[in-house]
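Each residue of the sequence shown is one higher than the last, beginning at 1313 in this note's numbering.
Do not rely on the hints blindly, as some may be mistaken.
[Unchecked claim] Cβ-Cβ distance ranges computed for the label pairs, FRET-style: (1) Glu-1441 to Gly-1469: 43 to 51 Å; (2) Lys-1542 to Asp-1355: 25 to 33 Å; (3) Asn-1528 to Ile-1396: 41 to 49 Å; (4) Asp-1354 to Ser-1423: 48 to 56 Å; (5) Tyr-1431 to Lys-1329: 51 to 59 Å; (6) Gln-1374 to Leu-1353: 16 to 24 Å; (7) Leu-1544 to Gln-1420: 34 to 42 Å; (8) Ile-1396 to Lys-1440: 18 to 26 Å; (9) Thr-1413 to Asn-1494: 27 to 35 Å; (10) Gln-1540 to Ser-1423: 50 to 58 Å; (11) Asp-1415 to Lys-1329: 48 to 56 Å; (12) Pro-1554 to Asp-1415: 25 to 33 Å; (13) Ala-1337 to Lys-1380: 14 to 22 Å.
What the hints contain is simulated information worked out from the structure, not anything from laboratory work. Ideal placement from N, C-alpha and C gives every residue a C-beta, glycine not left out.
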Amino acid sequence: MVVAGEFMPVTVFENHKGQLQNVTAQYGLENSQGMWQKIVLDDIDNDGDIDILAGNLGLNTQLRASQKEPMTLIYGDFDQNGTIDPVINYFIQGKSYPLATLDEFSYQMPSIKKKFLKYKDYSEATLKEILTDEQRKNSKELKVQELKTTLFVNNQGKFTANSLPMAAQNSWISGIIVQDFNKDGKKDLLLAGNFYPWKIQLGKSDANKGLILIGNGKGTFITLPNSQSKLLLEGDIRGIYPIKVGASSVFVLPRNADRLSVLKY
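Working from the sequences, and respecting the hints, build out all of it.
So this is what it looks like as structure tokens:
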């Protein structure tokens, strides 16, 4: 069983005598923490084993993450009021800073405004400078090391991460269809997504208008320009689902706070 989500790796469980065991490291996926929204299992490179396609946040926000400089979610009851305080941090020029503004941080922890009387002082402070060692001592941490939508290629039981083309990194990907769209006998991809309910600081992720990636049958893809695909899939799309309508095959695309879209392709 393969599962994935936000601030976690693509995770593999195996059934051993009725007990699920986490074998993620055995498959080389222990450092694959991402903001994963969709996973699809298919033999993408046609070598007889199963590969993993995983939709992610992409690279078109101010957020950045890597193994050397991960995005982190540190959480704990920092002000000892009985509620958990989550703090997202990401690196800027070699230092990790909270994503939250001073107003947002102080809404959760009002005492912070007594420590930072000026916005400028807060903007230059790392989490270690905002919270004391004592406040952080019982905190826990999750991290993200990969933001790109990725094909994990199965190489004899070990997965290798191959990023999809840059056009696939322009927005959040929450819908993936594997199909031979150009009828050349090789598997292609249809990607859709976006994400509107970001905080104002980040803005909408809305750059994906629907994307076709043409495969070469070996796990590599090139982007089909929208001028050729004719796709215009707008909205906060949360998935793509193939269904049969009479004799026709169509794709249904649910959109957050909007009506369903139906695509025949």
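Just pull the numbers of the violated hints for me, sorted ascending. Hint check: 6, 9, 12 fail, others pass.
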